[in-house]
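Starting from the known structure of chain F, fit chain W onto it as the hints suggest.
Same order as they appear, the protein sequences are chains F and W. Sequential numbering of the first sequence, starting at 1, is according to the numbering used here. Sequential numbering of the second sequence, starting at 1, is according to the numbering used here.
Do not take every clue at face value.
In this list, chains with the same sequence are indistinguishable; a pair is considered to hold if it fits within one copy or across any two.
[As the list claims (entries may be wrong)] Computed list of lysine-lysine pairs in DSBU-like fashion (alpha-carbon distance at most 35 Å, straight line): (1) K223 x K437; (2) K437 x K244; (3) K508 x K437; (4) K274 x K244; (5) K270 x K450; (6) K270 x K16; (7) K508 x K16.
Calculated from the structure, these hints are not laboratory results.
2 protein chains.
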Amino acid sequence: MTSTVHSILCDGQWIKSQGTTTFQAVNPTTEETLPGIFPVSPWDEIDAVINVAAETSREMRGWPGTRFAEFLEAYANAIEARAELLVETAHAETGLAKSPRLKDGELPRTTNQLRQAANSARTESWRVPTIDTAANIRSMFGAIGPVVVFGPNNFPYAYNGIAGGDFAAAIAAGNPVIAKGHPCHPETTRIFAEAALEAIQATGMPRGLVQLIYRTSHEDGVKLVSDERIGAVGYTGARQTGLKLKAAADAAGKPIYLELSSINPVFMLKGALKERTAALADEFTGSCLMATGQFCTNPGLVIVPAGELGEGIIAAVAERFSKAAVGTMLSAGVRESFGIGVRTILDAGASLVTGGQSGGGKGVCFQNTLMRVSGRQFLANPHVFQTEAFGNGSLFVVADSVEQMVEIGELLEGNLTGGIYSDTAGSDDADYALIEKVLRIKVGRLLNDKMPTGVAVSSAMNHGGPFPATGHPGFTAVGFPASITRFGMLQSYDAVRPHRLPSVLQSKNPGGVWRRINGEWSTADVT
Amino acid sequence: MTSTVHSILCDGQWIKSQGTTTFQAVNPTTEETLPGIFPVSPWDEIDAVINVAAETSREMRGWPGTRFAEFLEAYANAIEARAELLVETAHAETGLAKSPRLKDGELPRTTNQLRQAANSARTESWRVPTIDTAANIRSMFGAIGPVVVFGPNNFPYAYNGIAGGDFAAAIAAGNPVIAKGHPCHPETTRIFAEAALEAIQATGMPRGLVQLIYRTSHEDGVKLVSDERIGAVGYTGARQTGLKLKAAADAAGKPIYLELSSINPVFMLKGALKERTAALADEFTGSCLMATGQFCTNPGLVIVPAGELGEGIIAAVAERFSKAAVGTMLSAGVRESFGIGVRTILDAGASLVTGGQSGGGKGVCFQNTLMRVSGRQFLANPHVFQTEAFGNGSLFVVADSVEQMVEIGELLEGNLTGGIYSDTAGSDDADYALIEKVLRIKVGRLLNDKMPTGVAVSSAMNHGGPFPATGHPGFTAVGFPASITRFGMLQSYDAVRPHRLPSVLQSKNPGGVWRRINGEWSTADVT
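The shape of chain F in the complex, shown without the other chains (with noise of 0.2 Å):
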């Protein structure tokens, strides 16, 4: 038997790479190479692909969303229709639990996106038409041009660049999409691919809709998210590789919107200690070694206050974390990011409560790892302290008083989210509105009594936050219509004639479009 390497997907043609360099994934369960072989595409395959998707983006402008969202929906359907084998690959390829996660959860999260943006899509809600009639100007968000999406490791699904929510965004605003696969699952990926071309076909789209490559090299991927075809890119990763991308995107001009780190400090108060330890502990511990702890939004920052309160509830998260089976983790390399980010903290000075150590499970795994400093400790050395270690593990801040938290608060980065729990009865009300003010402007979403991992796909959602959480604080990559206008440009029509206008800012409004018109909100014709 002689191995073939994968091919990427071009134009609707699945093309032998000209590569020469190749690269498989590892089953980190079983810590064996899968058989999959996959292409590093060299720079004239890449270049060949945005001509290609510059080529589709010309042809696609002006078409109107129910295009977009027939295809989101066959796609939805196609990817249902290949579930089982869906979670069969991604279980090998990445080790996260077939069921709830991967059958249960993360597939049915994803079909639903494609169909929520379908739905905006359709709507043509996310255009955010917008008549002045004294004026005569009209204006609404259209497509942007071809935008390059990296998805992460971490969600072989739900992020993933071919069926994410950064792709879902990206086709619902008329897009077309070239993906960069993750290396750690790419059959999973290069499924997704044959799902999307079978929606392609069905609905009679564009053939270069959807392009997938899988690898590049560092320099490749650098010229690609500059080149001046390109409309926009959405990344989700590391942060070191995320701000190398960030420089060349900004430099050319091109937007881009990244979600690169984030650890989603956590305050709790002394009464809502008071009042439930246990429960807190329970709830914490589940949100934290939940997937092993590879979430954006894992809790991996938690302020209490000293004495018995804190002292409590830190025995009480570390005997739940020395009994919890420990996971596995994505791959080997996400286990050693986090040895090293652990490391990180350790040698700044903070005291480890229990793990620590490699191993402890099944496959490529880490020990459940609990750390603490005190509040003088994370003041003194504030970026240290933040640094994040991706997965099951959690720093515990320890601090001498509310005003220490709210000091605390007012060093943190940029994060997705940040949570406070306080008591039912009120008895923390002033010290929730002293660390409310200051932990607002620092994270996109703020909870109340609720861990940060679960991100709903909801039209108020914010994932999103302050850099360095991601590259914009007024974007969100999920959540419909909102993550769809990342994807579009702004284009005013000034004078011009009434025939010439796209559809929805026409006067005459069939559809019931949702629009601005003269500063009031309407789904009415302009009369």
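This is chain W only, laid out in the frame that chain F set:
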């Protein structure tokens, strides 16, 4: 008489600058140095200003829009009370006509902008309040933090860092502003600061709401925009300086909104020229020479068909250009840049039709300048023929065919505006469709049968466009509420207890704010 150096405005006080370097503006009409002496602020002074802004931002967190609306309206009144002085001063500093430009055009526009921003702040319309009752998540835009605004030379009022559109939008979003005055009109800027201080006092706003520095070193400008205490930056001005600031702000993860350069291509189709060449020549000449061509929306590139029609419009414009009075330019620097731009285009092979030399009018000036190239020449060297020559000149491109016009359109860089003139009978409609398809995605605002100068302050305006016209094609610098959102961060509230929500997200909606509730826009309560 000893000359005194003007003070900067810091924390509500006029503070003597610690700087040792000063500058003076020049009256471009008389070419005489004006008497006011203004400081170049050293870093320590800028640092103190940033600290005040950060403290002010903290103090104002969560304040309702009405507070900012009251200030903006009081400020508009305080400006009107100084109208005569502002007109005299700005005329001396810029050479722009007192009437109609300064007194009847730009000043009313500026106070109108402040009042429109006030209206958006009061109605909270810019916040896009979004409520998902099923998920119990609510979101809105909130203040982003201290905003630095750099104003340009060509609008001493309407884009002034302390009075213009970016300023109004940043304040309406609830942020303090650090204004960086333009060195060409420091006294005008100083008078605005006096009016702002009066309005701050009259409305009981924090003293740090508006601060003013006149000038910094290039190095300190870079430090300022990338400082961690800053929320966002607005910049209108030269491309080279803007790109340096952009690189610094981008690297620090700070949103920066730039308006850099634009040549505003205009396509004139055959039918339109057949129908009304003389009228088009009048209209174009008026737009191109108004304010000595010193508008960011000046039509600097005109594409016309080869043959009699193209020759006819070129001859008609040449005649008008040579007969029209030569206006005074804003400064010797503007004249020098214009001359370099003209020389660059001529050196690349364009022919001079008329003008091309310094002089011809009063004070700092340059002849009204018309140049031409063939479509083939343009296509062979598209970059150089898109050099921005900011001033009273334009380049005509004589295209062999509509297909060649489309090719030219494909090679256009990002622009603020793009226009197409077609005949009224419909004979140009097919050509229009071809050109619109390529032009639409290159420009923020598409015009029909209308020159791009004259930017209405409309809710549907897009004064923006793809790079390098601006730094991001999704935002507008003019028009409310859209321009305000640039200075907001998206804030989601997940399971936050009802009484802790900001008022616009609470279930009761006594103010009748427009909110998106479960996907539908409404001014009602949540039931």
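- Item | Status of K16 relative to K270 across identical chains (alpha carbons, at most 35 Å) | Neither: 62 Å inside a copy, 49 Å across copies.
- Query: Between copies, within a copy, both or neither: which fits K437 and K244 at Cα up to 35 Å?
  - Reply: Intra 33 Å, inter 34 Å, cutoff 35 Å: intra and inter.
- Is it within, between, both, or neither for K508 and K437, if the alpha carbons may be no more than 35 Å apart? between (46 Å within a copy, 23 Å between copies)
- Intra/inter-copy verdict for K223 and K437 if alpha-carbon distance must be at most 35 Å: between (42 Å within a copy, 27 Å between copies)
- Task: Indicate which option fits the pair K508, K16 if close means a Cα-Cα distance not exceeding 35 Å: within, between, both or neither.
- Result: For K508 and K16, the Cα distance exceeds 35 Å both inside one copy (49 Å) and across copies (60 Å).
- Identical-chain pair category, K270 with K450, by Cα at 35 Å: For K270 and K450, only the intra-copy Cα distance (16 Å) is at most 35 Å; the inter-copy one is 66 Å.
- Message: At most 35 Å between alpha carbons: which applies to K274 and K244, within, between, both or neither?
- Response: neither (46 Å within a copy, 53 Å between copies)
Violation of the numbered hints given earlier is confined to hints 4, 6 and 7; the remaining hints are satisfied by the structure.
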